Amino acid sequence: MAVTMDELARALEARSWGDLTIRVTGAAEPSQVEPAGPEGGRIALAMSPKYAEALKPGSIAILAEGMEPERYGLKAAIFAPRPRLVMAGLTRAFDPGPDIAPGIHPSAVIDPSARIGEGAAIAPLAVIGADVEIGPRARIGAHVSIGRGSRIGADAVLHPGVRIAHGVTAGDRLIVQPNASIGGDGFSFVTPEESGIEEIRRTLGKRQQIKAQHWTRIHSLGGVELGNDVEIGANSAIDRGTIRATQVGSGTKIDNLVQLGHNVVIGRDCLICGQAGVAGSARLGDRVVLAGKVGVNDNIEIGDDVIAGAAAKIFTRVPAGRVILGNPAVKMETQMEIQRAMRRLPRFAQQLSKLQETVTRLLEKG
Amino acid sequence: MAVTMDELARALEARSWGDLTIRVTGAAEPSQVEPAGPEGGRIALAMSPKYAEALKPGSIAILAEGMEPERYGLKAAIFAPRPRLVMAGLTRAFDPGPDIAPGIHPSAVIDPSARIGEGAAIAPLAVIGADVEIGPRARIGAHVSIGRGSRIGADAVLHPGVRIAHGVTAGDRLIVQPNASIGGDGFSFVTPEESGIEEIRRTLGKRQQIKAQHWTRIHSLGGVELGNDVEIGANSAIDRGTIRATQVGSGTKIDNLVQLGHNVVIGRDCLICGQAGVAGSARLGDRVVLAGKVGVNDNIEIGDDVIAGAAAKIFTRVPAGRVILGNPAVKMETQMEIQRAMRRLPRFAQQLSKLQETVTRLLEKG
Amino acid sequence: MAVTMDELARALEARSWGDLTIRVTGAAEPSQVEPAGPEGGRIALAMSPKYAEALKPGSIAILAEGMEPERYGLKAAIFAPRPRLVMAGLTRAFDPGPDIAPGIHPSAVIDPSARIGEGAAIAPLAVIGADVEIGPRARIGAHVSIGRGSRIGADAVLHPGVRIAHGVTAGDRLIVQPNASIGGDGFSFVTPEESGIEEIRRTLGKRQQIKAQHWTRIHSLGGVELGNDVEIGANSAIDRGTIRATQVGSGTKIDNLVQLGHNVVIGRDCLICGQAGVAGSARLGDRVVLAGKVGVNDNIEIGDDVIAGAAAKIFTRVPAGRVILGNPAVKMETQMEIQRAMRRLPRFAQQLSKLQETVTRLLEKG
Chain A
1 MAVTMDELAR ALEARSWGDL TIRVTGAAEP SQVEPAGPEG GRIALAMSPK YAEALKPGSI
61 AILAEGMEPE RYGLKAAIFA PRPRLVMAGL TRAFDPGPDI APGIHPSAVI DPSARIGEGA
121 AIAPLAVIGA DVEIGPRARI GAHVSIGRGS RIGADAVLHP GVRIAHGVTA GDRLIVQPNA
181 SIGGDGFSFV TPEESGIEEI RRTLGKRQQI KAQHWTRIHS LGGVELGNDV EIGANSAIDR
241 GTIRATQVGS GTKIDNLVQL GHNVVIGRDC LICGQAGVAG SARLGDRVVL AGKVGVNDNI
301 EIGDDVIAGA AAKIFTRVPA GRVILGNPAV KMETQMEIQR AMRRLPRFAQ QLSKLQETVT
361 RLLEKG
Chain B
367 MAVTMDELAR ALEARSWGDL TIRVTGAAEP SQVEPAGPEG GRIALAMSPK YAEALKPGSI
427 AILAEGMEPE RYGLKAAIFA PRPRLVMAGL TRAFDPGPDI APGIHPSAVI DPSARIGEGA
487 AIAPLAVIGA DVEIGPRARI GAHVSIGRGS RIGADAVLHP GVRIAHGVTA GDRLIVQPNA
547 SIGGDGFSFV TPEESGIEEI RRTLGKRQQI KAQHWTRIHS LGGVELGNDV EIGANSAIDR
607 GTIRATQVGS GTKIDNLVQL GHNVVIGRDC LICGQAGVAG SARLGDRVVL AGKVGVNDNI
667 EIGDDVIAGA AAKIFTRVPA GRVILGNPAV KMETQMEIQR AMRRLPRFAQ QLSKLQETVT
727 RLLEKG
Chain C
733 MAVTMDELAR ALEARSWGDL TIRVTGAAEP SQVEPAGPEG GRIALAMSPK YAEALKPGSI
793 AILAEGMEPE RYGLKAAIFA PRPRLVMAGL TRAFDPGPDI APGIHPSAVI DPSARIGEGA
853 AIAPLAVIGA DVEIGPRARI GAHVSIGRGS RIGADAVLHP GVRIAHGVTA GDRLIVQPNA
913 SIGGDGFSFV TPEESGIEEI RRTLGKRQQI KAQHWTRIHS LGGVELGNDV EIGANSAIDR
973 GTIRATQVGS GTKIDNLVQL GHNVVIGRDC LICGQAGVAG SARLGDRVVL AGKVGVNDNI
1033 EIGDDVIAGA AAKIFTRVPA GRVILGNPAV KMETQMEIQR AMRRLPRFAQ QLSKLQETVT
1093 RLLEKG
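Residue numbers (our numbering), protein chains in the order written: chain A, 1 to 366; chain B, 367 to 732; chain C, 733 to 1098.
Pulled out of the complex, with its shape left as it was, chain A reads as follows (with noise of 0.2 Å):
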């Protein structure tokens, strides 16, 4: 995995300087990287001069535009105009990625109707189903395991403890990190006679008489389709359709922890942090980004470019274009201004009860 400084310039298209010939071994912090020997050695990622202050001489290095590897001793250098995107080809070529060897493990259980694509890997003691399809040069963790007939995209990674229901379908180049589950079933039940939640949604709070009853289950029917290019975290949870799908279009990428409930339809490229939550038939538009712990009601829409600040939580319909914050979510610089205002209420409160009495000295007077 060792490559030249002069093929990592090429590969990341970026502008390099120095003895072009030196073998880069991996990637560090300034202060972890040793000068590089005979033997190359490691670059270090000093794309701030903050950073750069810990650079040893006779180190190489990525430095941001405009930064002077002479300056730092440095034996070469490569230069990101946009480091963050250096970051991802650099991580990209020295990532061994995940444990899975090559190959079907004789421990895997596989249902002889079971289509494996060619290259594809199959870790130990994972389970795959009865017509099930997974794409060529899929790698399919330790304890996965995939539900009847469902799909898996070419070039596909499960990482270990992965569960696929039955009735899922997947684009190309899906990443499901650890013991993320797709296609449970959805969170739906329904009383006799109106519930105390659609009473008080019909009457906004009010309840008149409480019934004691049982829920009965709504089944989930529907599957869970992904698109291309997702990728989904650690422990999240994506529920099937009740009747159709639950959607989650191409180029989402989903954190950890992160709910979806059922017929939730996810548009392409949007961006679901860690702990975020959608629930029931709620539908997001292309590129929205919901950051970490927000919460998105059922039933409700949230239009294309939305994006939703850290724990906002989002209770009404949400148009195009909107940066939002806060519970319940209004618009970021409206959410500010409260926030503004919050902060000097105690004062106001002293303020207010001080005008009062003196306005009542005037009447007094008056």
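Just to be clear, a hint being listed does not mean it is correct.
Sample of chain A residues facing chain B (criterion: CB under 8 Å; computed from the structure) [what the hints assert, rightly or not]:
| id | residue |
| --- | --- |
| 1 | 109 |
| 2 | 116 |
| 3 | 155 |
Covered by chain A, per the in silico footprint, the following chain C stretches (three or more residues, Cβ under 8 Å) [what the hints assert, rightly or not]:
| id | segment |
| --- | --- |
| 4 | 857-863 |
| 5 | 1070-1078 |
For the record, the hints were derived by calculation from the structure and aren't laboratory data. Since this is a predicted model, take the numbers as computed values, not measurements. Glycine is no exception: its CB is placed at the ideal position from the N, C-alpha and C atoms.
Assemble chains B and C onto chain A, guided by the hints.
Just chains B and C now, kept in the frame of chain A:
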């Protein structure tokens, strides 16, 4: 799995219309349903006039009471007086169930002392511990583990990857979604002397000197007791109790990514939605509803029939029947008033400062 | 697992009273404890006069200092100067531990290059990768997977379904609850040009033109490093670092469904409660307490001994020793004031508008 319209109508106890000999092969949204042919066809779920617009003539459908099958050119129809209740019966009729084949798979590792009920199915690579008891017709999915001495009632369905620790007992018809964990150790620690948390609970936020102390573990000797007809969602976690069992009452349904701490007691027929959390030793009455992302503080009591709206954070006891919202949670109507006032806060601030100026001028004039 | 009252009192370093030869077979709440017979009996946990009311004469109990065993007709008693601390010793004494039998189960799939310490137990169907190192007396549960080159110290307990990816190192006495995932890939993506998120962080909410861009993955080359005496809860997820390791300091305890993002650094002896989340590259000092559902923004620093109350959302750095609460989190006493003022807000609004009328009248009169 095909039934006639007549059979389906009877199963749903619903009024029907038209050619009741047509065979129903499944259910779908109106736009996806083709006209029924000689083999029958899928039934369209068209319980509101809005959805019904997409009905194709010659198809079969479920309509709301009062809708006219002739208007849409249907061949046959079933009338749903309470649409969601009909959905329950309909989806149950067509659910093929999870991918767990009958019989005991030879790759499962089952302790000889375990008692497996008649007709129970055990999927590949499940691990069943000593003295475990599994009820008749239960279905245990792939990669499930059940610890020493736990008991699962009749007709249970444990989806793949579910963890049942030792000392867990469950009634009949338990459903556990993929990768849920029941019976992990409680999160309970103590420091040799008063900890910072204990200090601020005592002083309401004031601290004197801060001591460096280590946490000592309080072990969890209690188990978990689940009633009948309990359902637990994907990747949820229910901790075992310290001395007595953590309890979930019959008929209670728990969604994905929910946390129930040690010693928690949940009543009957509750609904605990996605990503809600109930901290250690809290007690919920019967028919309590916690919407998504609700948090319940440790050691407090929530009365029967309480409904907590999405993301409510409950810090103190709540009397029976109350509908609450917000952080900290208060009565729903109070929270609505607070929210209205908050949105107007920036304007208040302006009005107040203007009023101050006016009064100052009045005073000067006076 | 039975001990005498005398042995138990010595193990707890606690004062005792009565017949110390009685055998203790377990512990329970007072109402569930029967009088001790010739075989001994369970010890009642009656550390407050309220609980002690349920004690039956002839039983054995743990009392708080100052309580009188004669009053309850006890046969023997142990006095707990700090009840929760006594609980720690007592529950440890009676905990039979997880259901992991000694020895290496033949169904486990262990790479020949793995080094398993003396006395370690490996349960059925565990998967241990190449070059993995497992310390002496460690107990690895059913369906656990450990990836290439990871190291687990002595006396570790990994409960069923735990995922340890490649490149994870842990000290001694690690405890991981069921289905937790350690070492999933970080959630780190970049767009070719500035993304909407970067734009609004720069402009504080303002957006110009919205561009359709795809997310490119930044791979995670760093691992995860856990100190000694770390505990991690059920279904929690700790991501690996980008270049250096994500770190959790010795003595830190993490509850269920907690998310730690890539590059996060957690100090020593912290307590991270259920459903808390710490976003990428945030740093926590020593002895920090995050209560349930707390969120910590990415890239910020939380000083030593900070205590964040339940559901606090922390957006900016917090100095050492501070007690914080709210969303956004502020000093606890400030938050209490804000909450009091918020509850009075609707009344403020009325008072303000009344005052405006009064002043208007005054002006007209003037």
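Hint-by-hint comparison with the structure:
1. 109: Residue 109 of chain A check passes; min Cβ-Cβ to chain B is 4 Å, inside 8 Å.
2. 116: It is violated, given that the least Cβ distance between residue 116 of chain A and chain B is near 16 Å, above 8 Å.
3. 155: Where the cut-off is 8 Å and the nearest Cβ of chain B is about 24 Å from residue 155 of chain A, the hint is violated.
4. 857-863: Since three or more residues must qualify, the claim that chain A covers the segment 857-863 of chain C holds, with 4 doing so at under 8 Å.
5. 1070-1078: holds (count 6)
When the structure is compared with the earlier hints, violations turn up for hints 2 and 3 and for no others.
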